[in-house]
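S.K.: Single-letter residue listing:
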Amino acid sequence: MTKVVITGSACQRFTGGRTELEVAATTFRRLVLELEERFPGLGKQVEEGMAVAIDGEIFQDAYSAKFSPDSEVVLIPKIGGG
Amino acid sequence: MNYVSSDLKVVGTRPIRPDGVEKVTGRAQFGADMRMAGMIWGKVLRSPHAHAKILSIDTSKAEKLPGVKAVVTAKDFPHIANEEAFVGEGPMNFRDLSRNCLAWDKALYEGHAVAAVAAATPAIADAALELIDVNYEVLPYVIDVEDAMADNAPVLHEDLFTAGVEPKPTKPSNIAKVVTFKKGDAEAGFKDADVIIEGRYTTKAVHQAYIEPHACLCWHNPDGQVMIYSSSQGHFMVRAYCSKLLGINIANIRAVPLEIGGGFGGKTLVYLEPVAIALSKKAGRPVKMQMTRDEVFRASGPTSGATMEVKLGAKKDGSIVAARQVLKYQAGAFPGSPIGPGCMCGFAMYDIPNVDVVGYDVVSNRPKVAAYRAPGAPISSWAVECALDDLARKLGKDPIEIREQNGARNGTKTHYGPTHQNIGFLETLKAAKNHPHWQAPLKPGQGRGIACGFWFNIGGESSAGCHIGEDGTVVAVSGNPDIGGSRASIGMMVAEVLGVPAEQVRTIIPDTSSIGFSFLTGGSRVTFATGMAATQAAERVVEDLKRRAAQIWEIPVEAVEWKDGKAYPAGSNAGAFEPLDLATLALRAGRTGGPIGAEVSLNAQGAGPGFGVHIADVEVDHETGAVKILRYTAIQDVGKAIHPSYVEGQIQGGAAQGIGWALNEEYIYDKNGKMDNSGFLDYRVPVASDVPMIEAVMVEVPNPRHPFGARGVGEVPIIPPMAAIGNAICAATGVRLHDLPMSPPKVRAALDEVAPKMAAE
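If you read the protein sequences in the order shown, they are chains A and B. Residue 2 in my numbering is what sits at position 2 of the first sequence, and the numbering runs on without skipping anything. Residue 218 in my numbering is what sits at position 218 of the second sequence, and the numbering runs on without skipping anything.
Extracted from the complex, chain B is given alone in its bound form (with noise of 0.2 Å):
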């Protein structure tokens, strides 16, 4: 059923959050929080040296040491074959993902795990790291993207090809794939062009930064079954991979989701949790690992830097006819950038006929990747956003105006394939043309920039449960971990499908054990997908509901309806009963049937994309360099918000994160390939002094495919941020900056580089 033009009682209502007060309490369990009797404590060994072969790893002195339970090594894991694997989770190289979590025979990023220990305690697991002897061959290391694709650069790894060109190269090297889509003719586009803007632009790898260090507790029981309690943004990816890395029966593993303190893409992978099952297996004791930040930054995806040439072509009237984009993505010490979306994202807001675009996935001496919010389109829009503003400036057009002369809308097929439908991106650029933020005036020496992102969202396989209660509460299930305020959308749409408050409906996330397969929690997929499943759960307990009260009144079903938590009789003709609530239909429940729920496990296709548009408005100190953010609005289609407040909250915090992006997140590397800056003083994310109020402005394009119209929210909103900064400190400046992180240091050497020119002239 669709509700999306119902008069709805509960979706787009603001009810508490349902886990505020444990949250704000201190109460709510995250992976650091968890403890089991007979617990021990693993600890990892990394690399010193950003590439290095591994000759030998003695372990025998840190086994005697007294109170140490286990070490491991990669030759305690199953050997992996060198090619991609499928568990449901879609591809993976389990190869990688296990050399990742413990080196084979190389070390390939300063902090790359070679070795673990569990002991009684944290201290004696520390002193048994030092007892062990691992026998290095330093190599030649990489860092820089573009100097790991010199055909003079130390190769990682003597196996990867560069796939995806012709003919298939026989010497190894550091770029894994190349990817190009292709439209029209761009060169023909070219020479029709009134007007040329060329760009090179540089990101640098950014963390996620979130603020819970991985942690987990893992118990291998002698009997073979394993208990997993971890944070993570998949409790079934969890249980996936370690099976497949462990060789282990995915029957005897149990995931159990716990809290999790933000995990942005960079919570879909494991870390510890293999690590923690061997020890455990060999020690015979539950053991517990966490990271340390040092450790998070290290070990653990950033996203990609990247370096990019963005070239875009117009008629003097702003239509732009051709486009080309060159992108080469850091992947870290293994393949797998997100190269492929960022290809796709950075035109896909825009019709136009002529598009080229070519990327390389490129590993290099650093941490592996791992998605972050949009994996890959903050990055190539940064470029894009950045030249469109350019090229309005050229043509003396208005930068909301051109886009919206060249936007894409339903019918606008993109330069990687498919026709747009049913897409709000014109509304978000007229509501941002609209709002008073784009009108205000600005002080002299401030600027104002404006930049979009898009998004495509997915769906996925998902499992959701809808249980009433003997006293007619509710229970709803859901096989996500809640990372963005599903438990409250989720349950929202229940109590709507029922008719009964939000605040008789309870979400919860039970274990891997307990509910249907779900895909983990990314691509803002949880309140598309695992919301459509939970709806349908919902309506299968109406319908049984319906059928209940038809016993009761020895009526046919088609003479009951369901109405705001009731049934009733569907007319004068199906009798005159006095309506039977949920209460007490289930307090009736054993006479009619049994207990009263329904389980729905689905794949959800049909999840619609999102756009949005950031206006930003910055002041620059001219001794210092650091940029002000004065006034920030996003505004963001949303489908339909199920819950307002948590979308404000996504757009806000994505928004937030991209303000860091933009002005301040980068990993600094040492002349060694070691990482300088791994703590949050020297790696500096945004607080609360640094960002203004970010008003939250929600479009709401109903997705025609969803029960309610929802759209997903969280990966849009750190699209736009870096592009808008910069435009705007154009603006305010005249000064163009093509590199990330807009950092004082940089925005003052640019400023003083053209300073001599503004000048004379």
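Extracted from the complex, chain A is given alone in its bound form (with noise of 0.2 Å):
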């Protein structure tokens, strides 16, 4: 199982708030039908509107991005620039 880490808001109000879950999945693609199924909506707003760190590397879009259990996978706001 791979932990995944929210710290932002944006997706803690999909998962009453807790910060931390457990996830089978081990692609981005599958970790966010987990997510949808278990909290409706969080997958869209993780697919759509998030950004996903893994293992320190910032994904603006992870569609194709893999991790192993022991990867490091937060979810993180996506960033703009100016």
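The set of hints was computed from the structure by calculation and includes no laboratory data. Check before you lean on any hint, since a few could be wrong.
Derived CB-CB ranges, DEER-like [claimed, not checked]:
1. GLU22(A) with LYS168(B): 26 to 36 Å
2. ASP33(B) with THR19(A): 50 to 60 Å
3. LEU681(B) with GLY49(A): 35 to 45 Å
4. LYS628(B) with GLU20(A): 49 to 59 Å
Built from N, CA and C at the ideal position, the CB exists for glycine as well.
Using the supplied hints, reconstruct the complex from the two chains, each of which is provided in its own coordinate frame.
M.R.: Here it is as structure tokens:
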């Protein structure tokens, strides 16, 4: 199981305030499906509105990203710039 | 392929900038330079009120004025639902964007566009604006962020309910969103602290102050084809937004990028283009529009002003054990301040076990904010870096050493979640400590300050190409407008891969119908992401060239190597052949498979974050309150400087804008909620005589995810200046200023306030 960390409030509203989840997924696409199943709305929020940091590297679009059970997976807001 | 450890011949050198001659001779084509046969002029009628219901708009008199070809209002735009939509450019509330281009039922700020005309001449268009009769019901307005948060504040949007709080509110509010980030237990951390520092800080809205006002020329052909000529930070962004706002198929819009006279984030939106297209469609003529400087200030996005509270707790040895920040950011008339990154950046540079950050995104009767270099970060870092300086002073610690002691390094877990990897913050601090500036003596009355900055940097979708001409010269193609030197850097990376001089490569930026999609030029992403695409395109060309050489020599392609712009047999076993250079292979291209070229589209990930450390020396005139910057050094981890002069220019430019933010720039409102200083005489950006030579020091900790190690460099340098200068003023005078800008009246008032106390001591 991979630990997914939710630090900001954007996703916590779907999880009832939970900041850590254990997921069976090892790909971003599976993660989205699992989150949507467990917390309706969260998968869509993650897929469309969030970036994902996997082992410290921020993926603005993690659609093809993979991770392992040991990975650090953090859901953070998407970053823009000036 | 990764070239970080290679013997680089082009990358890292300083060839003459490719756009230099056109710009210094005044020949470069900016938005306002465009002309087209049959062109007419568009002008915008703007609200004189900060907040008003639009009861009716009567355009009949204007339409009858000879020379007027079209009049449009928001009713000429399709109705768009109030929801975020995705068209490849990230989330955007297109209803709000549409209503910002032309007000729907309410004018939400002074300067809000309410109608537009197109006429044969600018003078006729101006006269027509005078004939449009708008019946307003003036409403109470609110400008200040904390006033807007108050229970009794005038509400801008009846359908805006605060997101991010539970239970979901049932009453509309100007607080669009609350965001929180927590790490550890801040309350327990503060209890464990030996020393506590607290402060309340404010910043004012400041404009990006690009020299070139927004301008466009648009032509809605009767067959539905649309041409857009405009200077922006992304012609694909312009295409996508116009498509969405006007209901036009993307394939029917061709957006042509022009030179851009500065953007800094402020040109990542559309203001005029959809209006010009709507006017053109009605008039059957090409329509040109350009803002005046007054319009730029009143109607295009500045960045947020803010109010913040910051609290730091530390042990006597200087280790920070707890931190808290509350941030309230102005969003302008529609939700969407940079509160998220603001919350994430303030403490991102430090390894703090217990952190609590709360941010508020607040609408008020101001122009909708737009991105501005490292959006949100300069504001939050202004507060944090000043508080950290106070902490160092209270503990008797050196301000660099306390940052080194608590500084983020590889493996530091941030308060917003991710663990830092491959970062160069400590290296920049070390470079600052070892720089002669830090050791140089100061005269009495002078002060030195230091502050740091962090920005994530981003990658994203990019397209680039590499095409070999018949004579062996090279055209590199980039999908991104060149704002900070990307034509040079992309051409140089292509030249490096091909093994040819930089001068042999010409980089161009084609229109949206001539290259694959590229996300906009922003977030310091282009040299990283589009440069990655260009590098890969050049690598594909090299592979193709090797294949062609192998075909000519009748040997396996594996027996060919590419070096210094030529194909060589790889060792004596491959055969004894004279090398084939690019020109020779290009000449024979028809016989070996046809034209030589490649395009690559990718979605780049792995942008390495950037860190900067700035040192400022100041002198304060106690009579006038004027602050003079005596010396300024900006140190930054740039990964790898592709063209060092451009990188230095980015660092110097960001620092200069930060100096303006620190000392003079601010939106000033009168008692009626109208901007009082919408011109460069009254909104004072720094001029050459205000700023010393800014020494840019490049630290190079390569980003392993980029073929040449590049990191984005354009965002970081605007983050530290405000606090570096504030800390220098504090060192010079003993007075801590909490409010930006630290303009002469404010400095003088602060000095006057403490003078009796200091005299008594």
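S.K.: When you take the CB atoms of ASP33(B) and THR19(A), is the distance between them in 50 to 60 Å?
M.R.: Once the Cβ atoms are compared, 53 Å apart, the range 50 to 60 Å for THR19(A) and ASP33(B) holds.
S.K.: Given a hint of 26 to 36 Å, does the C-beta separation of GLU22(A) and LYS168(B) actually sit inside it?
M.R.: With Cβ atoms ~27 Å apart, the hint holds.
S.K.: Against the range 35 to 45 Å, how does the distance between the Cβ atoms of LEU681(B) and GLY49(A) compare: consistent or not?
M.R.: 42 Å Cβ-Cβ, so the 35 to 45 Å window holds.
S.K.: A range of 49 to 59 Å was offered for this pair. Does it hold for the Cβ distance of LYS628(B) and GLU20(A)?
M.R.: 52 Å, holds
Violation of the numbered hints given earlier is absent; every hint is satisfied by the structure.
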